[in-house]
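Protein chains in written order, with numbering that gives the first Met the number 0: chain A, 0 to 354; chain B, 0 to 354; chain C, 0 to 354; chain D, 0 to 354.
Fair warning: there could be bad hints in the mix.
Claimed, not checked - Lysine-lysine pairs mimicking DSBU-like chemistry, simulated, CA-CA at most 30 angstroms apart:
hint, chain 1, residue 1, chain 2, residue 2
1, D, Lys189, A, Lys283
2, D, Lys282, C, Lys189
3, C, Lys189, B, Lys282
4, A, Lys189, D, Lys189
5, A, Lys189, B, Lys283
6, D, Lys261, C, Lys282
7, B, Lys189, C, Lys89
8, B, Lys189, C, Lys282
9, C, Lys189, B, Lys283
10, A, Lys282, D, Lys261
11, C, Lys89, C, Lys128
12, D, Lys282, D, Lys261
13, A, Lys189, B, Lys282
Read the hints as simulated data drawn from the structure, not as lab findings.
Number of protein chains: 4
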Amino acid sequence: MNRTTKVSIIGASGYVGGELLRILSRHPGVEIVAAHSRQHAGEYVHRVHPNLKGVIDLQFTGEDPVKVASNSDLVFLSVPHGTSVKITPKLMELGVRLVDMSADFRLKDPSAYEVWYHYRHPYPDLLDKFVYGLPELHRDELRNARYASAPGCNAAAAILGLAPLARHGLVTNGTIVVDVKVGSSGAGGKPSPATHFSERYGVVRPYSPAGHRHVAEIEQELRISSGRSYTIAMSAHAVNIVRGILSTSHTFTDSGNMDQAKIWRAYRETYREEPFIRFVRDKKGIFRYPDPKIVIGSNFADIGFELDPHTNRIVVLSAIDNLMKGAAGSAVQAMNLMLGFDERTALDAPPLHPV
Amino acid sequence: MNRTTKVSIIGASGYVGGELLRILSRHPGVEIVAAHSRQHAGEYVHRVHPNLKGVIDLQFTGEDPVKVASNSDLVFLSVPHGTSVKITPKLMELGVRLVDMSADFRLKDPSAYEVWYHYRHPYPDLLDKFVYGLPELHRDELRNARYASAPGCNAAAAILGLAPLARHGLVTNGTIVVDVKVGSSGAGGKPSPATHFSERYGVVRPYSPAGHRHVAEIEQELRISSGRSYTIAMSAHAVNIVRGILSTSHTFTDSGNMDQAKIWRAYRETYREEPFIRFVRDKKGIFRYPDPKIVIGSNFADIGFELDPHTNRIVVLSAIDNLMKGAAGSAVQAMNLMLGFDERTALDAPPLHPV
Amino acid sequence: MNRTTKVSIIGASGYVGGELLRILSRHPGVEIVAAHSRQHAGEYVHRVHPNLKGVIDLQFTGEDPVKVASNSDLVFLSVPHGTSVKITPKLMELGVRLVDMSADFRLKDPSAYEVWYHYRHPYPDLLDKFVYGLPELHRDELRNARYASAPGCNAAAAILGLAPLARHGLVTNGTIVVDVKVGSSGAGGKPSPATHFSERYGVVRPYSPAGHRHVAEIEQELRISSGRSYTIAMSAHAVNIVRGILSTSHTFTDSGNMDQAKIWRAYRETYREEPFIRFVRDKKGIFRYPDPKIVIGSNFADIGFELDPHTNRIVVLSAIDNLMKGAAGSAVQAMNLMLGFDERTALDAPPLHPV
Amino acid sequence: MNRTTKVSIIGASGYVGGELLRILSRHPGVEIVAAHSRQHAGEYVHRVHPNLKGVIDLQFTGEDPVKVASNSDLVFLSVPHGTSVKITPKLMELGVRLVDMSADFRLKDPSAYEVWYHYRHPYPDLLDKFVYGLPELHRDELRNARYASAPGCNAAAAILGLAPLARHGLVTNGTIVVDVKVGSSGAGGKPSPATHFSERYGVVRPYSPAGHRHVAEIEQELRISSGRSYTIAMSAHAVNIVRGILSTSHTFTDSGNMDQAKIWRAYRETYREEPFIRFVRDKKGIFRYPDPKIVIGSNFADIGFELDPHTNRIVVLSAIDNLMKGAAGSAVQAMNLMLGFDERTALDAPPLHPV
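Modelling step: build the complete structure from the supplied sequences, incorporating the hints.
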C-alpha cells in the first residue's frame, strides 16, 4: 500500500462501532475519515465512547451514508439487521469495499432469511458476492475480496470450535448441541428493563433457549467446511460479564473417534498457521480449558475439548471476546486481508489478565 | 412434637453447615445443640459465619462426632465424601436420625461408587437405608424415615427439571445433555488458586466438561422415576456468581411430544402440590425463564422449558439456590418430613430481589 | 392487637415497594390489602417482583391513593420526592397512619427543602407531625406515632455510625467527611443509560461528589442527637453491587478522645439494647470491619471504627442493606413500634452469606 | 538506540510482573532476556500468565538475580518490600539500570521506613539515587536516570490528583482525606481466605481504614511538589472489581479558591503536555467524573474534581488502572525516559470499553 486507506464506519456509536474505532486508531495503514451516527451527529466520539478520549479526536457525522462512503476506500457497516440491506446496494454502486457487521449478507441461501430472520431478502443475487468473514475458514476468498460479512458473535465461537471436527468426519451424530454463555455487550448499548443493572447483575438468564438466528450460519459454515449437513440445537444464556463468549458444543461420535491424538490432529491440521487460534487444554492449573476471561481485549479464539467416554461425546469449548474475534476483530482481520495488509495489523494486543 | 428436637451439625464450618445453621436458627421446633468443627473448635460460630453474628451465640465444638450425636435426636453430616461413610455406621448404632449431606449414601448401586467416586463402598448394605432427600420425588419415604441423603446441588437442579418429562415418557432419546452453570459457593470455602478472586472473577470456566459425579444420581433418579434408562451427558461451568445454579437440559423427543399443553400437564401432574416448585415461562418480561437470580435466599426451584421444533428438542431450564434447594434447604425440608413438622417450616423466606 | 392490621402500599412497583411486600408477606399481624401502582395496575405483583411469585398472590391496583388509604389502617407511601407531599395531607385527613418513604417529611426545617431539594415545602406545619423513622434514635416518639418518615438510605448508614460519637462529644472538629459507597438498587428500577449493565458493571463512579441531599438529614439528626452543629462533607459513589451501602465517616477529634475504650463506651451506651445494631471490629479474620456483604437480606446495621493517630481521626464504618435498614426494613421496624408489635416482627431473617 | 535493550524481570510471576511482560512484549526497542521466578523456574510463562500464551514463548528462570542482571541492560525488580532492598545493592554494583517496583527505595527519609514499614533501612545512602517513578512529577530527573522506584498504586492515584492543587496553593487546610477504592489485583496473586471468591465477591471492605503505608509517599511527593507539608488521612477499601482504583480526595480550602477556572488552570498548567493525563468533568453523560472502568488496560490517569460550597471543599477524583499507571505502566514509562525512547512506546493501547 503506497497510501493510507480511507476507512469510514456507518453506525459508529454502538459497541461494535466503538471497538472498530479503538482498533483502527492504532492501524498504521488506515485513516478513519468518518464515524457516522445519525443519533449522535456533531458530538465528539469520546462522549459516546469515553475510553477513546485522548485517543480519537473526531466528531460523529450525520451525513448520508452514501456521501460518507463516496469519500472512503472501505466502509464498515455497523447497523442493525434489515438496515444494512437497505443501503448496501447503493454503496456497492460506488465501488467502495464493504465489511458488513450485520447478518444481512451472511447467509448464502435466500430462503434462510425467511426462516431465521423473518424477512424476504430483497437482493438474493448479492448474497454470493459477500465472503463470510472468518479468515480461518475463508482466507483465500477474503484476499482481495471486495465485500465481506462479519460473522455473528456466537456463531464465530461455535464454528471455530466445530469446523475442524466436522471437516475431519469426527462428528457422526447429525445433531450438535451448542450451549453458549454470553456477556452483556453482545446485546448492544441500548438501555432496557432487561439490561438494567439491578436486573441484569448476577443472572444466568436463558435469553434464547431455542430459535437463535445464528443457527443458520453455523449450519451453513459446517456444511461448507465438511460437505455434510449438521443440525444445530442451540441455546444462549446471558451471564454476569460484559465481554466474552464461551460456546460449549456437545457433539456425539463413534467410539473409534474418542481418541485425543486423532482430535488434536484435526485441530492442528486446520489451524496450524492461524495467528489467532490458541489450543487450551491442560492437565493442571486454573485455566485448563478455554475461558473468555483469558481472551479479553484480544483477537484470540481459544479452543479446547474434553472426551466423555460415558456418552461417546466430544465436548468442544471455544472462548472469544465477542466484540473482538466475535465482531470488530474478525472484521479488521478480514479488512487486512482484503487490503493486502499483514493480517495481524492492529490486532496484536495481548489479552488483559487479570481483569 | 411435644418437645424441641435436638439437632447437631457435624462439619458446621463449611458453607452448607453455615446455611443449615442459618435456617435452623429460625426453626421453632428445633434446638441446635452442637455445631461441630474440628478445625474451629472453641471459636464462636460468627467468626466463621459472620452473617450469624447476633443470630447464633454458639461456639464450635471439637468433640468426637459420636459424642455429639449421642446428645442429639437428629444429626446433619456436613462432611466431605469419604469422611461421612467412616462415621455414619457408628452414628446409626446410636439410634440417632441422620441427614447426610455428602454423596456417600446417595447411590443405591454400590458399584456406582467405584465408577464415579473411585472407591469401593465399605457398607453396601446400608445404601438402601437412606432415602434420597428430594421431597418432590420421595416424600412418602421421607415421612418418618430415619436416614436421608441430601442430593447433590447440580443433580437436584437437573433432576427436578427432568423427572416429570421422563416419568411421562416425553423424552424419547436416551441421551440427555445437561449443561449446568454454577456459582462459586458450590465449591466450598477453602481458598485455592482457582478460587482466588482475581482469577475467578468474570470467568465462564468449564470445570467439569465430562465425568461429573452427579451423573450417577441423575441417572439413578430418572430411572427410578420413569422405569427407563437415560444416559446423562453432563458438563459443568463455573460462572461469575456466588449462589445459584442454572441447569439447561437438552432433551430430544418425537415430534408428537413437541406440544406445550402435554408438557405442562406432565409438570403439573408431578408438582401440583409442591410448596417449593414454581413454573416460570412468560411471553414477555425480563424473567421469562428460570434464572437463579430470582431464587436467591429461598428454597424454590424454578422450572421452565422451551420447544425447539428445528431439532425436536425440549430445552428444560431449572434454577435453584445451590446452598438452599441444592443442599441445606432440601435437607431441612427432608428433616421436617422425617420429624413430622410442616414441610415448609423455617424455609418460607421469599427470595431477595434485586440482589 | 386483636385483629389484623390492614396495610397498603402506594407505589408498590419500585424496589422499596417490592421490599415492603416481601417483608410484610411474612408479618403475622398485618394483611396487605392493596399494592398500588398506576403504571402496573391490573398486573400480578410477581410480574414486576419476580421473586414474589408463589409468595404474594395480589394484583396491583390503580385506584386513587385516597381510596386505597380509606380501606387501610396504615399506608406506606413509596413514591418519589415531591409526589408524596401532594397526597399526604389528604391521607392524613382520613385518619390513617402513614409511613412515608420519600424525603418530603424528613426535615424539620422547611427552609432546608429550598436549599437541598429546590422546592418550597407547601405544608411546613406538617413537618413536625412526622417522626424521623430511625428507631435507634426516636424509639419513644415512634411508639404510637401516627406518622413516620423513613430515613434516606445513605443518611441512615451515616447517622447510625456517627450519632453516638456526636452525642458523647467525641467529634470535636465541626466538619465530617462522609464518603459513601452504594449499590445500584438505591437508584431504583428505571432503566437509563447510566444503569445499562454494560455501562454500570465494574464502576467506581462518583455520582454525587458534592451536594448530596441526604446531607440535610444527617446534619439535622446529629444536631438533635448531640445539641451541636456539624457540617457534613459528603460524597457518594456507585459501586459494583446491587444491594448495600458502606459509609466511611472521617471524623477528627482531640487527641484525648483517641481512646478505644471511650469510643466503645459511647457506642455501647447508645445501642446496648438495639436488636439490629452489631459492632464489628476484629483483630483478625476476613470481616474485621463492617462490610455490606455481611448484612445482605437483613435489617442489621453493622458499625465499627478505627483510630488514626497520625491525624487524630476516628474512621467510622457503617454497613447496611440499603433496601432493608436503609428503607423498607427501618420502615417496618417503625411500623411495628407505631402499632405496638414486637419491633423485630418480620425482620428477623439473618443475612445471607456467602452471596 | 542502535541496538535492542536487554531487559529482565526479577519476580515475573506476580501480577505486576505479568503486566510488565505483557507491555514489554510489544516494545520494539526492548528484548525480554529473562523472566525470573524462583517458584516457577522452568515453567512456561503462559502457565502462570495464561493471557500470554501465543504472545511470549519464554520459560521462567530460577537463576540467581545477580546472574540474571549481569546479562541485562535494565532490570525490573518486582519483588516484595524488604526483598528488593536485599538484592538491589548487588545489582547496582553491576552497573545495570534498575526500576524497582517495591517500596524499598520510594522514600527519601530513612526514618519514614521505620514509621511506616517497620524496618530500619539498611542502605539509607542509596535512597537519593532513586528517582520516584512518576514521570508527571519527575520527568527531567528520569531522563537518563539509572535508578527509578515505581510508585505505589494508591499513592499514584492520589498524588496525580492532588499535586497540581498543592503546587498552586489551592489546598489551605493541612489535612487531606484520601478515600481510595481498589480492585483485587492490587493485593497480588496469592490465595488467602480474604481473597477467596465467595468471600471477596460483592464486598465494600475497609481493608486499611488507617495506617496505610502509601501515606508516606503521598506526603513526600506533595511536599516536594508544593514546598508545604500536608497530612494525609487515608482509608482504603476493597471493592468488587479486579482492576482499577478510584481515589477520592477531600481537600478543604479558602472560599476564594472555590473557583472552577482557577482550579482548571492549576491542572492545565501542570499537565498540559502529559500524554497520559485526561481531564474528565462533564455536565451530562454517564461518565461525568473519573471512573476506573474507563481506563482499564491503558496507562491513562483520569482526573476531575467537584466543588462543594457547603464545606469549602474541593473533591478531587482520580482513576487509574492499578496494574498500569499504578505500577507496570508507570514503570515502563519511566524506563522509556531512562533509555531515551519515546515515552509512550508500548503504552499507547486505548482503554477497553465496555468491559
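Hint numbers contradicted by this structure: The structure conflicts with hints 4, 6, 7, 10, although it agrees with all the remaining ones.
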